[in-house]
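As you go down the protein sequences, you meet chains A and B in turn. So for the first sequence, the numbering used here puts the first residue at 1; every next one is plus one. So for the second sequence, the numbering used here puts the first residue at 369; every next one is plus one.
Be aware that a few hints might be false.
Unchecked claim - In silico SDA-like pairs for lysine to any residue, Cα to Cα no more than 25 angstroms straight-line:
| id | chain 1 | residue 1 | chain 2 | residue 2 |
| --- | --- | --- | --- | --- |
| 1 | B | Lys539 | A | Glu343 |
| 2 | A | Lys171 | B | Gly715 |
| 3 | A | Lys171 | A | Glu124 |
| 4 | B | Lys539 | B | Gly425 |
| 5 | B | Lys539 | A | Lys171 |
| 6 | A | Lys171 | A | Glu13 |
| 7 | B | Lys539 | A | Gly347 |
| 8 | A | Lys171 | B | His433 |
| 9 | B | Lys539 | B | His433 |
| 10 | B | Lys539 | A | Ala340 |
| 11 | A | Lys171 | B | Ala708 |
| 12 | A | Lys171 | B | Gln712 |
Rather than coming from a laboratory, the hints here were simulated on the basis of the structure.
One letter stands for each residue in the lines below.
Protein chains: 2
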Amino acid sequence: MTETDPLPFHAAEFTKPDGRALTLYGLAPVEVRGEIPSPAGDPPVPRPTMRWHPLRGEWVMYAAHRLGRTFLPPPEYNPLAPTTNPEHPTELPQGRYDLAVFDNRFPSLTPDAPPPEHPAHPSERAGTGKCEMVVFSQDPSGRLAGLSGAQMALLLAVWADRTTRLAQGGKIRSVLAFENRGVEVGVTLHHPHGQIYAYDHIPPVQARMLEGARTHLAEHGRPWLADFVAAEREAGSRLLRDEGEALSVVPPFARYTYETWVLPTRPVGRLSELTDAERVAFARVLKDALLRLDALFGVRMPYLLTVHQAPLDGEAHPEFPLHIELYPYLRAPGRMKYLAGTEQGAGEFANDKFPEVAAAELRGLEVP
Amino acid sequence: MTETDPLPFHAAEFTKPDGRALTLYGLAPVEVRGEIPSPAGDPPVPRPTMRWHPLRGEWVMYAAHRLGRTFLPPPEYNPLAPTTNPEHPTELPQGRYDLAVFDNRFPSLTPDAPPPEHPAHPSERAGTGKCEMVVFSQDPSGRLAGLSGAQMALLLAVWADRTTRLAQGGKIRSVLAFENRGVEVGVTLHHPHGQIYAYDHIPPVQARMLEGARTHLAEHGRPWLADFVAAEREAGSRLLRDEGEALSVVPPFARYTYETWVLPTRPVGRLSELTDAERVAFARVLKDALLRLDALFGVRMPYLLTVHQAPLDGEAHPEFPLHIELYPYLRAPGRMKYLAGTEQGAGEFANDKFPEVAAAELRGLEVP
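Same shape as in the complex, but just chain A:
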């Protein structure tokens, strides 16, 4: 097996009755019982567009079809659970699989978005891209941290696989996988799941990361990630767990109080470049980091998890640091961090606690 091979996993592709794509992934061969379902009702025809914000230098996505959700499920209906009652079809079938990926029913971006018919602003253009849902488990009451080590490694391989597939059409320049968890941050479906946004351009955050990484390489002759890992290992005070091929750390410039990064220790730009051993170590460190966040205050920590990979512009990007950022939204028991004046109006965060102090607290927790 070569360095760039994915972990052994099984995948099966399907087309839903409403035309959307579904891929089931498993550690064992995928088996489906019954029909592949789509929720009742026709999905709206997406016509997403984008407009340019000239003073922030970023695109804004408009998806008016997302408001047209006429589908009213029964209260206990969970569209991400396997279908049990054919009268209330969900997004997923019964069967043997660990993870599922399907086209978002209400996408903010689509591969074949038409140009706007009556643009109300000169900068308006088609919202080209793709939005996918990623269901982490068949268990509605589960959590990402509850995945086994093998399932977590499978998820990393699935994120890598989606990135590679999304890059294939040549339209996609950047892929962001993320999980937003918690009612405190607007999540209404508690079934463990994440999303993928694929952009036809390099968004501002990724563009700035690339610029920072290039500057570092030019100035120091080494990838930023190599120097970062060496410095954090030497300092030690911000490390949470070091598994050799991967580690977790509260970064020295943490914006959220308990912000945690998970990184490979060999500089690579994309998940698909991880070796099997690196993927397994990365999965172990990620699971450990998630368990610490839930253990911190004894509640399920609301958080945002984002996966940062190099742009898909046809170039290798050894200077770009593949990593996962975790933003826990609680800064103390029962106290949320809100993005107020300085964060939103100036783009600079105020943090009440030094990263070394937060790291010591997280490191001191007993986790399985």
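Mind docking chain B on chain A? Use the hints.
Using the frame of chain A, we list chain B on its own:
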């Protein structure tokens, strides 16, 4: 009176018992009854620092002293109301004044922040700057939209005055005035108030605005604001109110559903450059915009208000568009907008409603 004169207003400066500065502003001459108070207990000694985030290209502020708040007020104690019981001194005295500005008791930035004694990261430096509180009214149950036209114009003059004063030491490069309103966004003091952050550098949002404005001037030969006002007047579909010297609009690239901007129609970079007539018109349009947001769903809209002015780098910036941005956090009745994966992880907003539709809704409301 020349173009750059402030509206006639009265101001009186004081030093609080704990050493912090207090300025009272009034439409009539300021009169104080009793002593100038400070809340009980010594304020912590602030030692704010900053560290550089190399992958986002921004500073992060650390203010560990903010956690050391040992002061436990009685539940009904409101530190922003005038002191009525000398045993529970507040931040403000009894007397005749309309607005008050004082040094934040728990600042994220201070003018004389010492260099860090034991920096735990090479990029760590003193958190130089200033944080001020701005109390909009003596009425604890009031709201910014409830200010009279003259009081609102006074507030604009006070923001201008603070900006000018903060620029005087030569250390401050950018001033951000803002109001964060609503329990939904973490506000615990309901007394109408805002804050001012003064930075010793140009923060990312202001830097990008300056860059966008410079690019526009270079490409079109006119300030961005002049072309924007002309285009919005011609389109009409996004205008909320046009008072000649100032107008309000849902910008064509709105990131929040009911995002509203208030702008002068003559391109200026700072509030201090407004004429009296412009300030009065601007105040009227701002009050109207705030009233519309509260009328929209029949609840006090949680929002963030930010005042954007040109950098204080010793240069005139006629290309920089002075304006106020209002971010209403409700996108529908009872439905908050949360900043999730694409907003925080990529820096790009997804908006479910076109600005023209949101503007029509806001324009159709009956407000006083």
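Structure-inconsistent hints, enumerated in ascending order = 5, 8
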